[in-house]
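Chains as they are written, first to last, in our numbering: chain A, 223 to 566; chain B, 10 to 92.
Worth flagging that the hints you see were computed from the coordinates, not collected in a lab.
Think of the CB as a built atom: it goes at the ideal place given N, C-alpha and C, for glycine as much as any other residue.
Since no wrong hints were added, every one of them can be taken at face value.
If you want a taste of the chain A side facing chain B, the calculated C-beta under 10 Å gives, among others:
#: 1; residue: Lys-259
#: 2; residue: Ala-331
#: 3; residue: Gly-420
#: 4; residue: Ala-488
#: 5; residue: Ser-498
#: 6; residue: Gly-500
#: 7; residue: Gln-506
#: 8; residue: Phe-559
Covered, in the sense of this in silico footprint (three residues per stretch, anywhere, with C-beta under 8 Å from a C-beta of chain A), are these stretches of chain B:
#: 9; stretch: 13–26
#: 10; stretch: 29–42
#: 11; stretch: 47–55
#: 12; stretch: 79–87
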Amino acid sequence: MDPLIFTAIPVGLVFGFALSRGRFCMNSAFRDIIVLKDYALLKAVGLAILVSMIGFAIMDRTGVISVSPVTFWWGANMLGGFIFGIGMVLAGGCASGITYRTGEGMVSAMVAVVGLTFFGLMTSTGVFSPFINYLRSATTITLADGANLTLANVFGIPYYILALAIAGVALILWAIFARRGEKESESVSLGEKIFRRGWGWTSTGIVIGLIGILAFYTSTLTGRSYPLAITGGYLSTAKTLIMGQNLMTWLPIMVMSTIVGAFLAAIISGEFKFRSPGPKTLIQCFFGGCLMGFGAVCSGGCNITHILSGVPQLALSSMLGGAFIILGCWATAWFMFLRPMRGL
Amino acid sequence: MSDEIKVDKTLDVRGEICPNPDVRTLTTLEKMEKGQVLEVLVDYPLSVERIPKNAENRKHKVLKVEKVDGPEHRILIEAKANK
Chain A
223 MDPLIFTAIP VGLVFGFALS RGRFCMNSAF RDIIVLKDYA LLKAVGLAIL
273 VSMIGFAIMD RTGVISVSPV TFWWGANMLG GFIFGIGMVL AGGCASGITY
323 RTGEGMVSAM VAVVGLTFFG LMTSTGVFSP FINYLRSATT ITLADGANLT
373 LANVFGIPYY ILALAIAGVA LILWAIFARR GEKESESVSL GEKIFRRGWG
423 WTSTGIVIGL IGILAFYTST LTGRSYPLAI TGGYLSTAKT LIMGQNLMTW
473 LPIMVMSTIV GAFLAAIISG EFKFRSPGPK TLIQCFFGGC LMGFGAVCSG
523 GCNITHILSG VPQLALSSML GGAFIILGCW ATAWFMFLRP MRGL
Chain B
10 MSDEIKVDKT LDVRGEICPN PDVRTLTTLE KMEKGQVLEV LVDYPLSVER
60 IPKNAENRKH KVLKVEKVDG PEHRILIEAK ANK
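Required output: the full structure, derived from the provided sequences and hints.
In structure tokens, the structure reads:
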């Protein structure tokens, strides 16, 4: 066993800690563009993507990592993304959301994780896999040399130049147009801010973006050339438990450590507690988790693989998959929340 | 819990999933009369942070946010106070 896989433990612990403190969930981030008109988490997601993009660009240029985008299977990227988006609204959390809330003691999230793992396995190796394989092979597009599509190689621009340009322009525009006025006026100690309180979107975005960079680096050391992901980690863990073969590589160890990190964060802040909604909502969460499991495997990634890790690599598959995750989320949120809330 | 604020209605959304605490608080406030007080019992951290912010944005007045136990909080909101 490669001892470097244990680099996944600190990465996962810090990731889980940051997810919990930052309440980092893309379901909330995207859904609340239309439902609550609350953009704090959306800004955290945007900032994390830009920070990771800069780090990936520098590491790719210096040869520390090499970008490895998910394959552009447009049919599978779109269908899987849309179904994943529906699932995360039903489950009340995206892949990272249900992971950190499992650590915080929320039974609804645990049930969603079980659903995600169950249907993820059925899709990757079980009854749905022939359909997925057909859909993928029928809609694959690569470059002539077989390389997976990115915004950079499609336009023939070196990745690091385009990534730095996009991140730079986006950050400058953001700084110019961002409205000032969100002030943290209370004077509390740094320790109190880090361990006891919820983080603001700026700290959350920067920390999660940096963890993405660290993840790409350490994961590459073990031969897995990809940054953060979630769903694959659950699938490998479940296979290890069910089939008895040891598949605990960097990713599953990272995901399990993420739960522990969120658990520790909740214990320290006094927010840990086992709590559950009624049976009807639990069934809804399980069903949502199942859709997420199918969607993530079909699309080639959950919201973390696509939006947090794939978009900074400028992968076309992840941009398309991510866009359809958002569309699925909006369509479902409109039915579930916006119609009943109309006139508010 | 002794406080002088009279509560007209209580909403218990403990254990609920995102974003039900937020949505149910806001829709309940909207149905209440101006000046009535809603008590929200909530244990989902993101909602504890966002309910006061979003209620204020919609012209309700947050009277009190009180930590009860662990993640559990009690939020008192006066409906439509600033309308």
